[in-house]
Structure formats: structure tokens, C-alpha cells
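Read top to bottom, the protein sequences are chains A and B.
The numbering of the first sequence is our numbering, which starts it at 4 and goes up by one.
The numbering of the second sequence is our numbering, which starts it at 1277 and goes up by one.
If you're looking for bench data, these hints aren't it; they were derived computationally from the structure.
These numbers were taken from a predicted model, which means no experiment stands behind them.
We treat Cβ as the ideally placed atom computed from N, Cα and C, and that holds for glycine.
Please note: incorrect hints may appear among the correct ones.
Claimed, not checked - No farther apart than 25 Å at their CA atoms in a straight line, the calculated lysine to aspartate or glutamate pairs in the DMTMM-like style are these:
1. B:1310 - A:115
2. A:210 - B:1334
3. A:127 - A:115
4. A:235 - A:115
5. A:13 - A:115
6. B:1308 - A:115
7. A:96 - A:115
8. A:184 - A:74
Stated by the list, open to error - Label-pair ranges, simulated between beta-carbon atoms:
9. A:72 - B:1347: 19 to 27 Å
10. B:1282 - A:186: 40 to 48 Å
11. B:1310 - A:40: 43 to 51 Å
12. B:1343 - A:235: 33 to 41 Å
13. B:1377 - A:233: 23 to 31 Å
14. B:1377 - A:74: 30 to 38 Å
15. B:1308 - A:226: 17 to 25 Å
16. A:5 - B:1310: 33 to 41 Å
17. B:1347 - A:23: 20 to 28 Å
To be verified - Partial selection, computed: residues in chain A whose CB lies under 7 Å from chain B:
18. 52
19. 68
20. 91
21. 101
22. 102
23. 146
24. 176
25. 192
26. 200
27. 219
28. 223
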Amino acid sequence: MKSHKSWYAKGMRDGIPIALGYLAVSFTLGITARNAGLTAFQAALTSFSTNASAGAFVGFTLMAQNAGYLEVIIMEAVANARYLLMSCALSQKLSPQTPFYHRLLIGYDVTDEIFGVSIAVPGKLDPFYTYGVMTLAIPGWAIGTYIGVAAGNILPMRAVSALSVGLYGMFIAIFIPPARKNKVVAGLVAVSFAASYIFARVDGLSKISSGVRTIILTVVISLAAAILFPVKSEEEEAAANEE
Amino acid sequence: MRNNVYIYILCMAVVTYLIRVLPLTLIRHEIKNKTIRSFLYYVPYVTLAVMTFPSILDATQSPISAMIALVVAMALAWSGQSLLLVSVLCCVAVFISELFLI
Chain A
4 MKSHKSWYAK
14 GMRDGIPIAL
24 GYLAVSFTLG
34 ITARNAGLTA
44 FQAALTSFST
54 NASAGAFVGF
64 TLMAQNAGYL
74 EVIIMEAVAN
84 ARYLLMSCAL
94 SQKLSPQTPF
104 YHRLLIGYDV
114 TDEIFGVSIA
124 VPGKLDPFYT
134 YGVMTLAIPG
144 WAIGTYIGVA
154 AGNILPMRAV
164 SALSVGLYGM
174 FIAIFIPPAR
184 KNKVVAGLVA
194 VSFAASYIFA
204 RVDGLSKISS
214 GVRTIILTVV
224 ISLAAAILFP
234 VKSEEEEAAA
244 NEE
Chain B
1277 MRNNVYIYIL
1287 CMAVVTYLIR
1297 VLPLTLIRHE
1307 IKNKTIRSFL
1317 YYVPYVTLAV
1327 MTFPSILDAT
1337 QSPISAMIAL
1347 VVAMALAWSG
1357 QSLLLVSVLC
1367 CVAVFISELF
1377 LI
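Looking at chain A on its own, in the form it has when it is part of the complex (with noise of 0.2 Å):
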């Protein structure tokens, strides 16, 4: 049985490869944040209060297009759906016992990475093993989006070019692993990248904004998924835990 104190010492050392990778993404999301004509201080303030990357970008784009409030909460809640079910595993994860501002404070930065390496430590999760990852991947995560901001404008146009893909590449990164091992995941991408493309491209429905396009496609196509393809729990767990 370790001590809390140790558990804390090895989040923090789980944490420095995470803070690193956090950094380099999240000045990407500065740059999708500038380009929203979001401050540095704003963008900053938006990754240390929501530690999200998708949902933020998404915000961030939909800050851009001055939509309605009630549409970003709506895609905030798309966008970041998958830490429903992050956070429905580490609830199973803690010992029922775990007093209740634990995990208040636990909720606050259930992001795939956290949620990977929390999942993965042996037994029961001690609380003070993910405080001590969320201790540099917090700031990790800030700070680099406040660079972002901050730094992009003094970016070359080439440089800005090839930041910008970031993101869409760690997005990639999450969903090409699991539609490998998965054909129903590998046939949902191909479907998702064909519907969007229509939606986007095609006269008429390309008046749809991006926001309310990926609201739509997300859910018909996750629920006819679902009804067609219904998941076994043992291949849910063996996604999960290998993020």
C-alpha cells in the first residue's frame, strides 16, 4: 500500500511526457483561438478553466462565427461527450469509498490522456496519483495555448499553414487506433469523413453551419451505429483502457 504522497510523486512523473505533449498541441489551439481573435489571456483562460482540446476548438470556432450560446453549450456537450464515458469508467476505477470532494476535484481534468494512465495504474485509483499528472498538465496545457496567441503573430504565414493541421492530426491520432482494431469504428470514420464531406460541399446543405452539421451527423450516425452494431462491454473496456 503507497503512500499518498508517493502516488502523487509518480502522477507527477507520469505528467512531464503528458505537459510536453500538451504544449506542443495546445499551441495549435492558440493559433485556432487567434484566429477567433481570442487574447492570449482569453485563450489561456479557456484551456486552464475547460482542459479540452476538441471542445475547445470547437468553441473557439463557434466564437468565430458569433454563434448563439445556446449552440456552443449544445457542442460543448457533443464535442466532449466522450468524457461521460471516460468519467463512467474512473468511477468504477475509484474505491466507493472515496470521499466526495475527491472526486469533485478528479472531474476537473478527465481529458484522454489523464483518463489513460488513471485507468491504467494497478487496483483501486488513489486520487493523489492524478493530481499529481493534472499538477503539470494543467499548466502544460495553458501556457502553451497562451503562447499560441501570443507567438503565432510573430509566426510566419508558412509556419502558421503548417500548425494549423495539429489538432485535426491528434484528432486522427485518437480515432485511426481504435478503427484499426475495430471494423465497425473503421466503417463509422469512412461514413462520418464521406456525410460531412456532402454536408460541406453540396449546394443547400452547406448553409447548415459546421456546429449544427456535426451536432446532426454525430448523433444519426452514432445511433444508427448503436442500433445496427451494438458494442460488447469487454470492447469497450479494452478501447478505453488502451488510450
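Based on these hints, arrange chain B on the given structure of chain A.
The following block gives chain B in isolation, referenced to the frame of chain A:
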């Protein structure tokens, strides 16, 4: 009229936090409904795929460099490379291909 940035950020933060914290605090047993479980399982992949394509084609100075980045990222992710490496090499692919394209 332009909406307030701080209200946007507040909306994002509150929604994101609730999504993360509600299951941790409220649900202490497993969700049994197979369709809901399956739906939630598929949602992230579909959302990310829809957000990636065709938007990535408009993100760079040339749709061709973006297409190259897309292929590079998919190949790297397929071969099991880390999130960071896929993301960085995706950027490198755009940078190098635009040296020739633009």
C-alpha cells in the same frame, strides 16, 4: 452585436465540467442499457471524424498540403504512433509540401 467572450468561456467550462463530474459523483453503478452504452462508445469517433474532414482541407494554404497531412497522419496513427508524434509530423508534412506547392 458580438457576443461576450467571457460568457462563451463560462458556458464551455461549466458544460465540460458537468459532463466530467456528474458520472463520477452520481453514477456509482454500471450503465446497463446496451444501446446507450453503444451510442456513447461511438460518439467520440464519429464527432472527431466529422470535425476533421473536410475542415482540414481549409486549414492550410493549399488543400493539397492538407490532403498530404491527412494521409501522413492516418498512416502514422494506423501504425500506432503516439498522439504527439502524429500531431507534430502532420505539421511537418504541411510545412515540407508547401515548400514545393507555394
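Evaluation of the provided hints:
no. : hint                       : result
1   : B:1310 - A:115             : holds (23 Å)
2   : A:210 - B:1334             : holds (16 Å)
3   : A:127 - A:115              : holds (19 Å)
4   : A:235 - A:115              : holds (21 Å)
5   : A:13 - A:115               : holds (18 Å)
6   : B:1308 - A:115             : holds (23 Å)
7   : A:96 - A:115               : holds (16 Å)
8   : A:184 - A:74               : violated (34 Å)
9   : A:72 - B:1347: 19 to 27 Å  : violated (38 Å)
10  : B:1282 - A:186: 40 to 48 Å : holds (45 Å)
11  : B:1310 - A:40: 43 to 51 Å  : holds (44 Å)
12  : B:1343 - A:235: 33 to 41 Å : holds (36 Å)
13  : B:1377 - A:233: 23 to 31 Å : violated (45 Å)
14  : B:1377 - A:74: 30 to 38 Å  : holds (35 Å)
15  : B:1308 - A:226: 17 to 25 Å : holds (18 Å)
16  : A:5 - B:1310: 33 to 41 Å   : holds (37 Å)
17  : B:1347 - A:23: 20 to 28 Å  : holds (26 Å)
18  : 52                         : holds (4 Å)
19  : 68                         : violated (10 Å)
20  : 91                         : holds (4 Å)
21  : 101                        : violated (9 Å)
22  : 102                        : violated (11 Å)
23  : 146                        : violated (16 Å)
24  : 176                        : holds (4 Å)
25  : 192                        : holds (5 Å)
26  : 200                        : holds (5 Å)
27  : 219                        : violated (9 Å)
28  : 223                        : violated (9 Å)
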